[in-house]
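**Student:** Residues per chain are reported as follows:
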Amino acid sequence: MVVVETFFTIIAWLFFITGCYIVFSCFIGTLRFKDFFVRVHAVKISNIYGVSFILFALAINSADIIIFTQLVLIIILNILMTITTIHAICRIALNNNIVHGGFSRRKYNEMKEEERKKEEEEKINNLHKETTNNL
Amino acid sequence: MILISIILFLIIAAISIIQLCAEAEFFSKMLMFFYFIINFTTFILSYFLFSNKFGFIISMIFPLIILNSVLILLFIKQKVKSEEKW
Chain B
1 MVVVETFFTI IAWLFFITGC YIVFSCFIGT LRFKDFFVRV HAVKISNIYG VSFILFALAI
61 NSADIIIFTQ LVLIIILNIL MTITTIHAIC RIALNNNIVH GGFSRRKYNE MKEEERKKEE
121 EEKINNLHKE TTNNL
Chain A
1001 MILISIILFL IIAAISIIQL CAEAEFFSKM LMFFYFIINF TTFILSYFLF SNKFGFIISM
1061 IFPLIILNSV LILLFIKQKV KSEEKW
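Quick mapping for you: the protein sequence lines, in order, are chains B and A. First residue of the first sequence? That's 1 in the working numbering, and the numbers climb one at a time after it. First residue of the second sequence? That's 1001 in the working numbering, and the numbers climb one at a time after it.
Any given hint might turn out to be false.
Stated by the list, open to error - Partial selection, computed: residues in chain A whose CB lies under 7 Å from chain B: (1) Met1001; (2) Ile1012; (3) Phe1027; (4) Ile1065; (5) Leu1073; (6) Phe1075.
Quick caveat, the hints were computed from the structure, so don't treat them as lab data. Model, not experiment: these values are computed from the prediction. All C-beta atoms, glycine included, are put in the ideal place defined by N, C-alpha and C.
Could you build the full structure based on these sequences and the hints that come with them?
**Tutor:** Structure (structure tokens):
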């Protein structure tokens, strides 16, 4: 009996450490990545693998069949809900022309237009300076 | 084990809500909101496991998780509608 308990404890700690590593690394990725879709990927991995591993470790460690069943149900619901929500967010972002970098296409075009205007102004200023110097 | 998970999820939820306020784009905001709600829900879950109130509170956690996805979908739908009007 003691051997079985030790075995389950070791399994639970393995799941827990793996889950903690996944959650923590995905958290850093979510904060540091610039691209929208890469961040979506980090959030998805964190929710599907990290949270599920940690909850499964807690379920094994609980030693109560009711809590175990409830936690397994929560894991399944969490996975299904994460897949659905991430799919919806990505689909609507793609329909609204979100390009890489997280900007919408309209905002991207506006930024490009502003850059072009600034370059033109600089060119005009340079020409004006040259003409004044020549005079 | 439960205590470590409580601390981990609490820290992540706290920092993700700060990040949520700092985001500029709407879809990034929604993504961080989703991330915050998931971590906060898991934090509550592990806290009630820790305090042995798990069986009582479980009926509240399930609707909260489903409400999360519904809320995000509603926000996005509202945003898309307003964009179309604009």
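**Student:** All hints are to be evaluated individually against the structure, with a verdict given for each.
**Tutor:** Hints, one by one, checked against the model:
1. Using the Cβ-Cβ criterion of 7 Å, the hint placing methionine 1001 of chain A at the interface with chain B is satisfied: the shortest such distance is roughly 6 Å.
2. The closest approach between the C-beta of isoleucine 1012 of chain A and any C-beta of chain B is roughly 5 Å, which is under the 7 Å cut-off, so the hint is satisfied.
3. Of the supplied interface hints, the one on phenylalanine 1027 of chain A holds, with its beta-carbon coming within about 5 Å of a beta-carbon of chain B, less than 7 Å.
4. Taking 7 Å as the C-beta cut-off, the interface hint given for isoleucine 1065 of chain A holds, the closest approach to chain B being about 6 Å.
5. Taking 7 Å as the C-beta contact cut-off toward chain B, the hint placing leucine 1073 of chain A at the interface holds, the least distance being around 6 Å.
6. Among the interface hints, the one on phenylalanine 1075 of chain A is violated; its C-beta lies about 10 Å from the nearest C-beta in chain B, farther than the 7 Å criterion.
Violation of the numbered hints given earlier is confined to hint 6; every other hint is satisfied by the structure.
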